[in-house]
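Trainee: Sequence:
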Amino acid sequence: MARLFKVTVWLFPVLLAGCITGTPEMTAEKDPSMCNKPPAIVLVAFGTTSDRGREVFEVIEEAAHKRYPEHDIFLAFTSRTVVDRLRQRGVMVHNLPETLARLQAEGYTQAILQSLMIVPGQKDAEIARFSTGTLQVAYGQPLMACADDIRDTVEAVRRDIATGRPTVFVTHGNSKYPQYNRALLAFASAVENRFATAVTCSVEGEPGLDKLGLARQWAEEAGAVHFVPLMLVAGDHIENDVLGDESDSWKNLIGVSTASCATPLGYNPAILEIFFRHLDAARAALQATEG
1 MARLFKVTVW
11 LFPVLLAGCI
21 TGTPEMTAEK
31 DPSMCNKPPA
41 IVLVAFGTTS
51 DRGREVFEVI
61 EEAAHKRYPE
71 HDIFLAFTSR
81 TVVDRLRQRG
91 VMVHNLPETL
101 ARLQAEGYTQ
111 AILQSLMIVP
121 GQKDAEIARF
131 STGTLQVAYG
141 QPLMACADDI
151 RDTVEAVRRD
161 IATGRPTVFV
171 THGNSKYPQY
181 NRALLAFASA
191 VENRFATAVT
201 CSVEGEPGLD
211 KLGLARQWAE
221 EAGAVHFVPL
231 MLVAGDHIEN
241 DVLGDESDSW
251 KNLIGVSTAS
261 CATPLGYNPA
271 ILEIFFRHLD
281 AARAALQATE
291 G
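Counting in this note's numbering, the sequence shown runs from 1 upward without gaps.
None of these hints come from the bench; they were simulated from the model. Heads up, a few of these hints could be off.
[Claimed, not checked] In silico lysine-lysine, DSS-like type, Cα no more than 25 angstroms apart, as pairs:
1) Lys251 / Lys211
2) Lys211 / Lys176
3) Lys66 / Lys37
4) Lys123 / Lys176
A quick note: this is a predicted structure, and the numbers were derived from the prediction, not measured.
Work the whole structure out from these sequences, hints included.
Mentor: As structure tokens, this is what we get:
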């Protein structure tokens, strides 16, 4: 009888003590006739309706093609709202269930689902619950899945720290499930301890906007402020919540004449390297089951 299994290389909630890999679970049948076909790689992101914001996915896909030339690369969005709105505008994108169905229809027997989320959270838990049918699936961890990842992320964003003005890291946060903010809080502590004029705030949940007042004090002295998206994509949150013209945008709450903004994490090669490190671990876990 054929072995049935799924390979899982993340656990929930986030564990910050050290990076982890999981053990096989029995869920999907392997087709011996397709053993030599390399696993498909599916880059799984929340998605964005911003046309400019979506350009980052072309950069990430290109980097993945260069790193894994023997694998076919696919992109899937997890947000049903984003997918529906884009399709209404004539932009064809695919959600994860559609992508998994396509892979099976095309004869794949293995796939690596690489999360492009920033921290382990609600969406990653949803990804792990999707039915994978007959596919053997390995899951790659999100960006900051453990303490080593947080350390490396802080190092990766060092290039974005401004000189002569405060730096405000813009995170999303989660107000409904606060346990998913642990990695953000750990990042905030690490980056603020390392860089004297850096603070971390979130659109919702923790760490919140408590330190925006401190950034405002520093910005008033410097006459400028610099924002760094701790997000894969600079979409609606950056365009409107942070840099928008409304009175409650972060730019206007700080109230200085000069506000600059770094590119989002998806354009940072050192950040992509962390994602690919996780993808490598998932691929190795999948290969280990073949022994």
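Trainee: Now look at each hint and say whether the structure bears it out.
Mentor: Going through the hints against the structure:
1. Lys251 / Lys211: At roughly 14 angstroms apart (the allowed maximum being 25 angstroms), Lys211 and Lys251 satisfy the hint.
2. Lys211 / Lys176: holds (21 angstroms)
3. Lys66 / Lys37: holds (18 angstroms)
4. Lys123 / Lys176: holds (13 angstroms)
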